[in-house]
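So you can see what is in the structure, the chains are spelled out below.
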Amino acid sequence: MVRITTITIGSGLGLALFAASAQAEWTVNLTPGVTDVSRSVFDLHMTIFWICVAIALVVFGVMFWSIFHHRKSRGAEAHNFHENTVVEVIWTIIPLLILVGMAVPATATLVKMYDSSEAELDVQITGFQWKWRYDYLDHNLDFFSNLSTPREQISNEADKQEHYLLEVDRHLVLPVDTKIRFLLTSNDVIHSWWVPALAVKKDAIPGFINEAWTVIDEPGIYRGQCAELCGQDHGFMPIVIEAVSRDDFQQWLADARADKQRVTAAAERTWTLDELMQQGEQVYLRACAACHLPTGEGVPGAFPALKGSAIATGEVAAHIDIVLNGKSGTAMQAFRDQLSASELAAVITYERNAWGNSLGEAVSPAQISRLLEPTTGEAEQ
Amino acid sequence: MNTLDTTLHAGEHGHHGPAKGIGRWLFTTNHKDIGTLYLWFSLLMFFTGGCMALMIRAELFQPGLQLVEPGFFNQMTTMHGLIMVFGAVMPAFVGLANWMVPMMIGAPDMALPRMNNWSFWILPFAFAMMISTLFMDGGAPNFGWTFYAPLSTTYAPPSVTYFIFAIHMMGISSIMGAINIIATILNLRVPGMTMMKLPLFCWTWLITAFLLIAVMPVLAGVVTMMLMDIHFGTSFFNAAGGGDPVLFQHVFWFFGHPEVYIMILPAFGIISQIIPTFARKRLFGYASMVYATASIAILSFLVWAHHMFTVGIPLAGELFFMFATMLIAVPTGVKVFNWVATMFRGSMTFETPMLFALAFVVLFTIGGFSGLMLAIAPVDFQYHDTYFVVAHFHYVLVPGAVFAIMAGAYYWLPKWTGHMLDERMGKLHFWLSFIGVNITFFPMHFIGLAGMPRRIPDYALQFADFNMVASIGAFIFGLSQLVFLWNVIACVRGGEKAAARSWEGAEGLEWEVPSPAPYHTFATPPKLPESQR
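Going down the list, the sequences are from chains U and W. No gaps in the numbering here: position 326 of the first sequence is 326 in the UniProt record's numbering, and each next residue is one more. No gaps in the numbering here: position 121 of the second sequence is 121 in the UniProt record's numbering, and each next residue is one more.
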């Protein structure tokens, strides 16, 4: 019986491995990365790994030699020794020396990683449940970066693409050969911003501003993920960096700022109800559906339903208020800085007219952009 | 011979035997009954937490969401961790201590038998309360077993309050258990058994008990601060109210790191009993084993922030915690070297307990190596919160703590039940577990290094292959534990009669009493056997 089980498990495993290997490569090690620091980290990792392997060979070697030679079935007689101070001292001192040998390069690398002085570009990174906001300080540009993998791929209704779960709607564009300082904080819970190719992982903590820095050597796309459990969609807030030449970066900055102005201008024209509903659905699925669900039914006890809710079918002012300013003490965020005026108007209109909520009224982008004017607190009325 | 006489004498009195029916278990103050209760409870929790682990591995078998929603996935990872740490591993060690400590030191029972009853009976209620949260609105705790604020306070489901009270109850139970073990070992040793003649299992448990008393109140403190933040308007961990989310982590890990050693020191003790028995040779370096255990315990209070290298502590802090953590490798290394030196030039046989003990030495050491790698702060930035960490702590906890518990169970089962184990079934369990555990956890090193964060319900395609392998391994390991259950039940029900000294090379007072051990042992103090004088 035992043999049959082994064979079944064995062949099952073989089959599964064969099927799986068609899918992707078998990565087994850390990436050396594309920065000076990431390469030092990689070298340190390999050095310590090989030291561990060497120690393991010696210790397990002696152990298996004993298991083989000093077994009763081979007629081994137990020797009667059980103490030796010299040996004990030796195997306390030698590991200590090896550790000192490891600590020296480790300290040097750590000191280097902590020197964030003389940065040429500051990027503030804010963690939100479940997206990142990038603010190019001194360049009047900020935006959110959301997961762009379609829901159908996650729920297995469509084929998964190459960068499944590691793709976003807006890349964090950075120049190469430039010392960039990241300032990390969070809007809600603790997140952790991690890009393996840069060997940068730093927690984004509400009420704190953490620092990290990098100098990227090669243009390219580098992907990472949130590393600290931050709630339900922790696995769905990737990071994508697009490293470009310094000239391209300046060009990109100018284009991005022009785009931002076009979006602001769009709020001033008149939108039809259909237009708003169409855009609203997109915004809803991107920004709201994670908690309130695509059906608007929410999760009892955790996230309230919007379908037929008092707010989404009641006074429009209260509805606008909660979307713009959030509800403190809950997971409901303030979206006034996260979405543009037309996106806000569209999503509120959508919530009031979808899933059987049928108020028939449209909230106009112009109405919202008046509420978004500089003096905060106006949205209260 | 003196020993045998006293135990037989105690057995003659009918009213000294166990009570009848359920009352025996509810009101018992007998260390053997309470030990049995702890061990069965722990096994039940092991299977409960194991089912949750299998649910996690089933979801991770392939990329995409197939079986559970992300919210429920987080509840599973949280409950799996809490149940395994507080429900499976810790009660198993307390159960072993209850059974074996009095018998090893020649005491008639634990020093505080009524408290012993209470410390067990709190546990089923604590876990009933915690598991009931799965059926509440908003679901069970979903913020990981480390429950970092503010995810576990401002953003927590309402069931967090039940979780807090359950933790309080578990803490009370642990502290009472620890007090009992300290009182027993310090006061009830047979005359002539000086501290430096104490069996190592008792030594490691004594040190563990002091760790428990030191850190369980810290855990109680941190959950109470959460309770205050959630219900009474304080802002310990709420940045918006002037609080500090990082404070939570400092307090939690001041408990959490010693907790890690609470789960491994008694395992060291068990292994130090088993290897000499089956090598037929005295433990090498007894004194240095005791000092190493004590050093590990002291160092465990000085390394907590190595769990927090990425929170942004200052350079000097990073360096201090890195160096202190690396130092732990020294006493841990001494222990491994001593075990190997005990085997060297022994006369070894490989019964089931010894197989588990040898697997412990090898696989725990692998977990130790990855621990050393994680201690190096600049490299930890790449490992932190990835599957590399998951691989590391499962290597020290599953083939570490859990294998040691199984080794101990197989080693002492003849003493408990009076029957020898069916060695063929024992070896089947060992090999299935050994293969399963490695197929499960070894590939996690690779996916961690390749960049997969922990605690995610879905992952990018480059992690698919090794995740599939790990899931297959998990089911092999999980299902093979049914063989363990079978073995224990079979051993209770029958089998070859076990001698008082059930294993050829076994030394110590527990092997001087008959198997199964009578309900009351050592009503009068025995004489220390020749080998221990």
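For the record, the hints were derived by calculation from the structure and aren't laboratory data. Cβ atoms here follow ideal geometry from the backbone N, Cα and C, with glycine treated the same way. Mixed in with the good hints there might be a few duds.
Said to hold, decoys possible - One side only, chain U facing chain W, incomplete, derived with CB under 7 Å:
hint, residue
1, LEU30
2, PRO32
3, ILE48
4, TRP50
5, CYS52
6, GLU77
7, VAL86
8, ILE93
9, ALA119
10, PRO150
11, GLU152
12, TYR164
13, GLY235
14, MET332
Stated by the list, open to error - No farther apart than 16 Å at their CA atoms in a straight line, the calculated lysine to aspartate or glutamate pairs in the EDC-like style are these:
hint, chain 1, residue 1, chain 2, residue 2
15, U, LYS327, U, ASP337
16, W, LYS527, W, GLU507
17, U, LYS179, U, ASP169
18, U, LYS160, W, ASP458
19, U, LYS179, U, GLU268
20, W, LYS197, U, GLU297
21, U, LYS112, U, ASP43
22, U, LYS307, U, ASP337
23, U, LYS72, W, GLU504
Taking the hints in turn, this is what the structure says about them:
Satisfaction of the interface hint for U:LEU30 is found here, the shortest Cβ-Cβ separation to chain W being roughly 5 Å, below the 7 Å cut-off. About 11 Å separates the beta-carbon of U:PRO32 from the nearest beta-carbon of chain W, more than 7 Å, and the hint is not met. A hinted interface residue such as U:ILE48 counts as satisfied when its beta carbon comes closer than 7 Å to some beta carbon of chain W; here the least separation is about 5 Å, so the hint holds. Evaluation of the U:TRP50 hint against chain W yields a violated restraint, the C-beta minimum of about 11 Å exceeding 7 Å.
Taking 7 Å as the C-beta contact cut-off toward chain W, the hint placing U:CYS52 at the interface holds, the least distance being around 4 Å. For U:GLU77, the shortest C-beta to C-beta distance to chain W is roughly 6 Å, which falls under 7 Å, so the interface hint holds. Because the beta carbon of U:VAL86 sits about 12 Å from the nearest beta carbon in chain W, more than 7 Å, this interface hint is broken. Taken as an interface hint, U:ILE93 does not check out: its beta carbon lies about 9 Å from the nearest beta carbon of chain W, beyond 7 Å.
Restraint check, U:ALA119 versus chain W: the minimum CB separation of about 16 Å is more than 7 Å; hint violated. A least Cβ separation of about 12 Å between U:PRO150 and chain W goes past the 7 Å threshold, and the interface hint is therefore violated. At a threshold of 7 Å, the smallest CB-CB gap from U:GLU152 to chain W is about 10 Å, leaving the interface hint violated. Below 7 Å, beta-carbon pairs count as interface contacts, and U:TYR164 has one with chain W at about 5 Å; its hint therefore holds.
With its C-beta approaching chain W no nearer than about 3 Å, U:GLY235 sits inside the 7 Å limit, and its interface hint holds. Because the beta carbon of U:MET332 sits about 11 Å from the nearest beta carbon in chain W, more than 7 Å, this interface hint is broken. The hinted pair formed by U:LYS327 and U:ASP337 meets the criterion: a straight-line CA distance of about 15 Å does not exceed 16 Å. Pair hint W:LYS527 plus W:GLU507 holds up; C-alpha atoms about 14 Å apart against a cutoff of 16 Å.
About 25 Å separates the Cα atoms of U:LYS179 and U:ASP169, which puts this hinted pair outside 16 Å; it is violated. Restraint check for U:LYS160 and W:ASP458: the C-alpha separation of about 12 Å stays at or below 16 Å, so the hint holds. Among the hinted pairs, U:LYS179 with U:GLU268 is inconsistent with the structure: their alpha-carbon atoms are about 40 Å apart, more than 16 Å. For the hint pairing W:LYS197 with U:GLU297, the CA-to-CA distance comes to about 67 Å; that exceeds 16 Å, so the pair is violated.
Taking the CA atoms of U:LYS112 and U:ASP43, the gap is near 14 Å; set against the 16 Å cutoff, the hint holds. Proximity of U:LYS307 to U:ASP337 is assessed by CA-CA distance (about 25 Å); at most 16 Å being required, the pair is judged violated. Distance hint between U:LYS72 and W:GLU504 is fulfilled; the C-alpha atoms sit about 12 Å from each other, no more than 16 Å.
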